[in-house]
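Engineer: We have chain R; now place chain D onto it with these hints.
Protein chains: 2
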Amino acid sequence: MNATIINIGDELLIGQVVNTNASTMARLLTAAGLEVVRTVVVGDNRQDIWDAVDRAMHCSDAVLVTGGLGPTKDDITKHLLCEYFGSELYENAEALDNVKRIFTARGYELTEVNRRQAWVPRCCQVLNNDLGTAPCMWFERDGHVLVSMAGVPFEMEWLMHNRVLPRLQQHFSMGAILNKNILVQGIGESFLSDLIEPWELALPSFIRLAYLPIAGMVKLRLTARGNDVAELQASVSKAVAELYPSAGKYIVGEDCETLPELVAHKLTTMGCTLATAESCTGGTIASRLTALAGASAYYKGGIVAYSNEVKECALGVRHETLATHGAVSEETVREMVEGVRSRLDSDYAIATTGIAGPTGGTPDKPVGTVWVAVCSRTAIVTQLMHHGDRRQQTIDRTVNQAYAMLIRLLCQKD
Amino acid sequence: MNATIINIGDELLIGQVVNTNASTMARLLTAAGLEVVRTVVVGDNRQDIWDAVDRAMHCSDAVLVTGGLGPTKDDITKHLLCEYFGSELYENAEALDNVKRIFTARGYELTEVNRRQAWVPRCCQVLNNDLGTAPCMWFERDGHVLVSMAGVPFEMEWLMHNRVLPRLQQHFSMGAILNKNILVQGIGESFLSDLIEPWELALPSFIRLAYLPIAGMVKLRLTARGNDVAELQASVSKAVAELYPSAGKYIVGEDCETLPELVAHKLTTMGCTLATAESCTGGTIASRLTALAGASAYYKGGIVAYSNEVKECALGVRHETLATHGAVSEETVREMVEGVRSRLDSDYAIATTGIAGPTGGTPDKPVGTVWVAVCSRTAIVTQLMHHGDRRQQTIDRTVNQAYAMLIRLLCQKD
Chain R
269 MNATIINIGD ELLIGQVVNT NASTMARLLT AAGLEVVRTV VVGDNRQDIW DAVDRAMHCS
329 DAVLVTGGLG PTKDDITKHL LCEYFGSELY ENAEALDNVK RIFTARGYEL TEVNRRQAWV
389 PRCCQVLNND LGTAPCMWFE RDGHVLVSMA GVPFEMEWLM HNRVLPRLQQ HFSMGAILNK
449 NILVQGIGES FLSDLIEPWE LALPSFIRLA YLPIAGMVKL RLTARGNDVA ELQASVSKAV
509 AELYPSAGKY IVGEDCETLP ELVAHKLTTM GCTLATAESC TGGTIASRLT ALAGASAYYK
569 GGIVAYSNEV KECALGVRHE TLATHGAVSE ETVREMVEGV RSRLDSDYAI ATTGIAGPTG
629 GTPDKPVGTV WVAVCSRTAI VTQLMHHGDR RQQTIDRTVN QAYAMLIRLL CQKD
Chain D
269 MNATIINIGD ELLIGQVVNT NASTMARLLT AAGLEVVRTV VVGDNRQDIW DAVDRAMHCS
329 DAVLVTGGLG PTKDDITKHL LCEYFGSELY ENAEALDNVK RIFTARGYEL TEVNRRQAWV
389 PRCCQVLNND LGTAPCMWFE RDGHVLVSMA GVPFEMEWLM HNRVLPRLQQ HFSMGAILNK
449 NILVQGIGES FLSDLIEPWE LALPSFIRLA YLPIAGMVKL RLTARGNDVA ELQASVSKAV
509 AELYPSAGKY IVGEDCETLP ELVAHKLTTM GCTLATAESC TGGTIASRLT ALAGASAYYK
569 GGIVAYSNEV KECALGVRHE TLATHGAVSE ETVREMVEGV RSRLDSDYAI ATTGIAGPTG
629 GTPDKPVGTV WVAVCSRTAI VTQLMHHGDR RQQTIDRTVN QAYAMLIRLL CQKD
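Protein chains in written order, with my numbering: chain R, 269 to 682; chain D, 269 to 682.
Just so you know, these hints were derived from the structure itself, not from any lab. Being a predicted model, the structure only gives us computed values, none of them experimental. Warning: the hint list may mix true and false statements.
Identical copies carry no separate label here, and so any pair may be met within one copy or between two of them.
With a straight-line Cα cutoff of 35 Å, these simulated DSBU-like cross-link-like pairs (lysine-lysine) come out [what the hints assert, rightly or not]:
hint : residue 1 : residue 2
1    : Lys487    : Lys506
2    : Lys341    : Lys448
3    : Lys487    : Lys341
4    : Lys534    : Lys487
5    : Lys341    : Lys506
6    : Lys341    : Lys517
7    : Lys633    : Lys368
8    : Lys368    : Lys487
9    : Lys341    : Lys633
10   : Lys517    : Lys368
11   : Lys487    : Lys448
Isolated chain R, as found in the complex (with noise of 0.2 Å):
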């Protein structure tokens, strides 16, 4: 089954926006079986969306397309659609209700306006949109699918969890898929993929590898696929248990999109704290982190010591250290992870102090050059890394190697 995306908005076409959209809908369109070959992006207009719908429903099983269907006059999407079907529109008895539900629960009147969003072409099936007002639309035409989905990322999000993806993998009659996400640092792809060969080679053949590198690290996905979920589970349990021998001290964790996510769960599940001290990375690791709901239950805080000042004043760092070994050293990455630790009394801690460039190198530290430890309350580990001179780069793989270090760390404690 193959499937295209089309995205419709001119805040994509001027560059406004970045279209994550089309990135989300893709992962969770491969990892639902469905191979995504194209991707477009048109503006409000009808001629190029028209086009673009067209060519998409001679060439793909699914057509997933988000945008245009608000309420005002530019957003063309849904008058479209019901051309392109050669259906009309009518007042969607459940479509309205919807609309209703969430005006009262903002606590706003309902408009003539509003009241148009539930109106649908009579040829489609309406999905439920819980989370806004602009109908979810399923259209079929000669075994083709047609989806219109909201182009609002967490809406367009949740409709593809919660109606669209069940449905195309049932329309489709698509079969089992499993996803395995196998997490790995501190090996290169290539030299990973060397490492991995007879494993991958003896892989049965209804289980697919992909890697996926991510700014130091790589992620393993397995997708394995059949008609009976258990035993699926069962092979692809296999698969990862015969990884272990060869590359088992390469793996950071298992079923995580992502380092923060593993990192979160695994205080969350522990019950213990952590304290972040930033120099290089600035906010990131604490950023990422905080990004995620629920951070409060583990993460207690943290210090960006930007300046030596800060990193003296708020992390203990004794001026002689600095004097003696500079900011990026082993000494003052340890005086600072083992100072957050303590000042903060958390049972974790990690530290980052490095050059992320552009200026700041000199011979002996060149730009790129980052010292990362982690402690707990026994333990400590640092490690230097040298990631070249490209400044978001450096900080992205510190992050993650920073993020690695400590599962690491956590694991020895399990």
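Structural biologist: Just chain D now, kept in the frame of chain R:
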């Protein structure tokens, strides 16, 4: 002049990578005066690339292609373009020099595979890629232009600025274009639109206005086209000056793309320092500032005071204040901002405390309730906001609100 963007890469179609290239390119092309009418993503698949290229060459004046230019077998863009334009590959001396230069600089030996990067279709013009080994290729046919670039974001962006955009403007005799950004905060888009309608209607016809709303603020972009840059400059300056009487109190700055850039510019120019104390924004204010090179010139550091304990021990918020008024209160945010400013001895400080959600709300202080404070050595400003129940939206809006409040305080000092 209209343009189509084609991004090639399997990693985009499985949703592994967010397609930031498309938005960066769209933003740059729009600012240069081209209208982007379509963005297409296809995989490393011959037929799909061919179809996308062929269609775009018929519909658009300019076709911008990224990706598929690596030296390995799955990168097929160059061979396909060679065939599409009926040409043959040859080793280009300038491209080879560039490959050699880059390999020498990185200390790698040049292999036969890497040398292949210097082979290009005879019919194209090579635009040198200073940052990478894949040459940028410029093709022309029947007045239409196709440019093929590396998909690595920083190479693409460098090529767009330094090679592609200047040449496109020359090729299409596009005349002068001038963009001016005005950052507005503290008023919703529709209210702003009403407020400045008379001004907008009075704009000369060669100046266009766009509203670009972003996380609690609006970026107004004026785009002027003509033949004489000095004249455009004068007209745009006049238009901007005329905007101040009606909307001046909401304008936080000009000429920057983002608020962190503006904060960085102002503080660096003034030679002043900043410290941050973040609760609900969890390090995001710090992280977005330190993502920009040169942050150490003005940013001393900050405290991520996620728990009450850290608010007390690291910021000196009084226990009675937290007990009496709660963590999310004007009293607490005042003590946070004063605490971090005095403890880190900075000229200015920012503090945030709120309920990002989804849990933690009360009838009194529902999810989305946030207090922000900014202060100098002599003044302090606080503000209460209600951002609704979406965690990331609350964080993003709070962060922008805090930057805007700081900029206003910095301007008073001017």
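Engineer: Compare the structure with each hint and give your call.
Structural biologist: Here's how the hints hold up against the structure:
1. Lys487 <-> Lys506: For Lys487 and Lys506, the Cα distance is within 35 Å only inside one copy (18 Å; across copies 54 Å).
2. Lys341 <-> Lys448: This pair counts as between: shortest inter-copy Cα distance 28 Å, intra-copy 44 Å.
3. Lys487 <-> Lys341: between (44 Å within a copy, 23 Å between copies)
4. Lys534 <-> Lys487: This pair counts as within: shortest intra-copy Cα distance 18 Å, inter-copy 41 Å.
5. Lys341 <-> Lys506: Between copies only: 33 Å across chains, 56 Å inside a chain, cut-off 35 Å.
6. Lys341 <-> Lys517: Answer is between: at 31 Å across copies they meet the 35 Å cutoff, but 58 Å inside does not.
7. Lys633 <-> Lys368: between (63 Å within a copy, 26 Å between copies)
8. Lys368 <-> Lys487: between (44 Å within a copy, 33 Å between copies)
9. Lys341 <-> Lys633: neither (59 Å within a copy, 37 Å between copies)
10. Lys517 <-> Lys368: Answer is neither; intra-copy 55 Å and inter-copy 37 Å both fail.
11. Lys487 <-> Lys448: Within one copy, since 10 Å is at most 35 Å while 42 Å is not.
Hints 9, 10, counting from the list given before, are not met by this structure.
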